[in-house]
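Chemist: Those protein sequences? They're chains Y and U, same order as listed.
Each step along the first sequence adds one to the number in numbering that gives the first Met the number 0, with nothing skipped, and position 59 is 58.
Each step along the second sequence adds one to the number in numbering that gives the first Met the number 0, with nothing skipped, and position 260 is 259.
One or more hints might be untrue.
[To be verified] Some chain Y residues close to chain U (C-beta under 10 Å, calculated; not the full set): (1) Val42; (2) Lys58; (3) Gly63.
[Said to hold, decoys possible] DEER-style ranges, computed between Cβ atoms: (4) Y:Phe225 to U:Thr38: 35 to 41 Å; (5) U:Tyr47 to Y:Ile112: 53 to 59 Å; (6) Y:Gln23 to U:Pro86: 36 to 42 Å; (7) Y:Lys281 to U:Lys69: 53 to 59 Å; (8) U:Glu213 to Y:Val134: 25 to 31 Å; (9) U:Arg334 to Y:Trp105: 53 to 59 Å.
To be clear, the hints were calculated from the coordinates, so they are not data collected in a lab.
Predicted, not measured: the structure shown is a model, and the values here were computed from it.
Just so it is clear, CB atoms sit at the ideal spot from N, CA and C, and this is done for glycine as well.
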Amino acid sequence: MLSSSGRKFNLYALTWRLPIIFWQFIFFVGPVLFMVAMSFFLVKNYRMTEAFEFVNWSKMLSRGYFWDSYWYTVFIAGVSTICAMCIAFPAAFALAFRASESTRRWAIFLLIIPFFTSYLVRTFSWFVILSESGVINGMLGYIGLGPYTMLNTSFGTLVGYMTLTLPLVVILQTVTMANIDKNLIEAARNLGCSAFRTIWQVIIPLSKTGLIIAAIFCFILSFGDFVAPFYLGGSQEPTLPILILDTTKSGQQWPRAAVVAIMMMATLFAIAFAGIALAYRKKKGAK
Amino acid sequence: MIRPTLNSSIYGLSRRQLLKSGGAAVLTTPFVSRAWAATTDINMLAWYGHGEPDMVAEYEAANNVKFVPKYYAGGDNMLALIAQSPPGTYDLILSDGEFVQQLNLAGYIEEMNPADYPLDDMLHEDFKQFPGHWADGKMYSMMLRGGHLGVSYNKNSVTAEEATSYECFWKPELEGKVGHFDWHLPTLGMMSLYNGNGAGLWDLDDAKWDAVQETTMGLRKQVGGFFDYGGTFNGLKNGDMQAMVGIGDWITGVLEKDGAPVASVIPKEGGIQFTESYSIGKGSEKASEVKKFIQYMMSPAGQVKSAQMAAYPGFCVTKAGRAALIEADLAEATRSHQIEGDAQDPITLINEGRIHYRDVPQQQGLEDWNDFWSEYKNA
Numbered sequence: 000m001l002s003s004s005g006r007k008f009n010l011y012a013l014t015w016r017l018p019i020i021f022w023q024f025i026f027f028v029g030p031v032l033f034m035v036a037m038s039f040f041l042v043k044n045y046r047m048t049e050a051f052e053f054v055n056w057s058k059m060l061s062r063g064y065f066w067d068s069y070w071y072t073v074f075i076a077g078v079s080t081i082c083a084m085c086i087a088f089p090a091a092f093a094l095a096f097r098a099s100e101s102t103r104r105w106a107i108f109l110l111i112i113p114f115f116t117s118y119l120v121r122t123f124s125w126f127v128i129l130s131e132s133g134v135i136n137g138m139l140g141y142i143g144l145g146p147y148t149m150l151n152t153s154f155g156t157l158v159g160y161m162t163l164t165l166p167l168v169v170i171l172q173t174v175t176m177a178n179i180d181k182n183l184i185e186a187a188r189n190l191g192c193s194a195f196r197t198i199w200q201v202i203i204p205l206s207k208t209g210l211i212i213a214a215i216f217c218f219i220l221s222f223g224d225f226v227a228p229f230y231l232g233g234s235q236e237p238t239l240p241i242l243i244l245d246t247t248k249s250g251q252q253w254p255r256a257a258v259v260a261i262m263m264m265a266t267l268f269a270i271a272f273a274g275i276a277l278a279y280r281k282k283k284g285a286k
Numbered sequence: 000m001i002r003p004t005l006n007s008s009i010y011g012l013s014r015r016q017l018l019k020s021g022g023a024a025v026l027t028t029p030f031v032s033r034a035w036a037a038t039t040d041i042n043m044l045a046w047y048g049h050g051e052p053d054m055v056a057e058y059e060a061a062n063n064v065k066f067v068p069k070y071y072a073g074g075d076n077m078l079a080l081i082a083q084s085p086p087g088t089y090d091l092i093l094s095d096g097e098f099v100q101q102l103n104l105a106g107y108i109e110e111m112n113p114a115d116y117p118l119d120d121m122l123h124e125d126f127k128q129f130p131g132h133w134a135d136g137k138m139y140s141m142m143l144r145g146g147h148l149g150v151s152y153n154k155n156s157v158t159a160e161e162a163t164s165y166e167c168f169w170k171p172e173l174e175g176k177v178g179h180f181d182w183h184l185p186t187l188g189m190m191s192l193y194n195g196n197g198a199g200l201w202d203l204d205d206a207k208w209d210a211v212q213e214t215t216m217g218l219r220k221q222v223g224g225f226f227d228y229g230g231t232f233n234g235l236k237n238g239d240m241q242a243m244v245g246i247g248d249w250i251t252g253v254l255e256k257d258g259a260p261v262a263s264v265i266p267k268e269g270g271i272q273f274t275e276s277y278s279i280g281k282g283s284e285k286a287s288e289v290k291k292f293i294q295y296m297m298s299p300a301g302q303v304k305s306a307q308m309a310a311y312p313g314f315c316v317t318k319a320g321r322a323a324l325i326e327a328d329l330a331e332a333t334r335s336h337q338i339e340g341d342a343q344d345p346i347t348l349i350n351e352g353r354i355h356y357r358d359v360p361q362q363q364g365l366e367d368w369n370d371f372w373s374e375y376k377n378a
């Protein structure tokens, strides 16, 4: 039996694909459709009522604070991505090219360990370190510096984002670079490439896909994170996840929160697709 | 192989002994079942702390009930939780005073019999027929406790004299050190008081509302963060925040007892009182058990427990409760000014007209206040 595209219908393959299709439909497509529908509902007496009104969209998108939160969230997630990528690269490079196989395995294992504990607990532990009477300011005090305000600032938020994303970014970068054919690097060096030029013109292009995927993950996690900007950033400025909380807290405006959530998803889709397109783009003339 | 028989049991039981044991077991079953009677679950909807062991464990043990608390943060959240649950889900509802009226209008709470509660023993006349607790001469909620919101500050950076006015929040040395409890109602109420709106703090015409927004925006450069309950605690405790808008002794009291150099006072512009009241959920099948518990909480012993609540302290609302607190815990009574003759005695402050009961905006919607709050946070 042939499908309309002329490819043979494969029941065996479909059977194996069904669980993931089913999963995606139940836990992704269904909720997203409901969320889109909910953004047109109304809230009366703290209860959502079915409706098809654009008032939530016009209300949220016409508010200056929504766009302030939106651009701040894009900005801070972008900064987080750049920081994580830059901090992770030397570590991943060392693990991929300088460390022995067993050291690399142990390092990856150690990078996974933070995920064994709650992200919230890890975030709270930063209070002890970053507060004005905390560890860092205490040490700086010995040399006559500080105290510096680190909590309740964008810096605090970034520290939280790094706690969340950095181990993952290091792992992804390490795995990507470790899979590069070492002969290509040796060839570049034998042909007179400097170490820096080898990184720039051989290693980075060869690991481009993995690096972009790591950056996308970092951006997605930072963009949607509530814990770091709320607890370490002191909600100033509020990011979109905090705006969702504020919107639901007062008046139980879940439909308006749905508008914010849809805008977040649309942004992440756009960035993820752009990133993937960039990652898999072939040079002109390349097969 | 020798098979055991009941007459020569390897278990050491003769038939006679077995019959005796069985009979005894049958005869004692009613008593066993009474002792092991299923505990009555009471579903409680409340602010955090009210269903914790320090508040209910003793009562649970004595009355064979078990409280199943569902905690909320904010009146809106409470109303939404009830609205989204089937009738009768919550047997006992603890509500902020200003939201009782809405609970009643929506038909979420049962009428209560005033004769069941010590209304004649209330510390203040206002508490007997508290706004919103009664409708058409019928009572729907019983005031349990209260607390005052004013200037909360770190004694190392704000003097007691400076703390006598909300003006202290604008002190240049506090730039970036003033925190907000992340709820618009108390903060905007305080800014309204600072603007001189006094008893009309919630009843703002357009001009006054604009002025309150302007005053609040003027404070923005001082603000170091917006916090929930835990964040407020941490900010004050680790010194990152030296003053806090929107709270009172309900938070600084806990820290003060822990030795932190913090305090809360009612400034000359006036303060705000939050009130917590118990209601019986509409359709509850355990109304009589709930009534009994509310009666316990209104008794001197219950009032002392409420005043000493580990999560956040509150003041007693009955005369007998206050007397019991002074007898049981003079240090706490003194610290929280629940002593007659104390200048910051909650009842004296009410009598002097310096305390205004927390309410919802009269001429604007909660949505307008929340919109401004979001704008303020982003400024």
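Chemist: Work down the list of hints and note, for each, if the structure agrees.
Modeler: Checked hints:
no.: 1; hint: Val42; in the structure: holds (9 Å)
no.: 2; hint: Lys58; in the structure: holds (9 Å)
no.: 3; hint: Gly63; in the structure: holds (7 Å)
no.: 4; hint: Y:Phe225 to U:Thr38: 35 to 41 Å; in the structure: holds (37 Å)
no.: 5; hint: U:Tyr47 to Y:Ile112: 53 to 59 Å; in the structure: violated (32 Å)
no.: 6; hint: Y:Gln23 to U:Pro86: 36 to 42 Å; in the structure: holds (37 Å)
no.: 7; hint: Y:Lys281 to U:Lys69: 53 to 59 Å; in the structure: holds (56 Å)
no.: 8; hint: U:Glu213 to Y:Val134: 25 to 31 Å; in the structure: violated (41 Å)
no.: 9; hint: U:Arg334 to Y:Trp105: 53 to 59 Å; in the structure: holds (54 Å)
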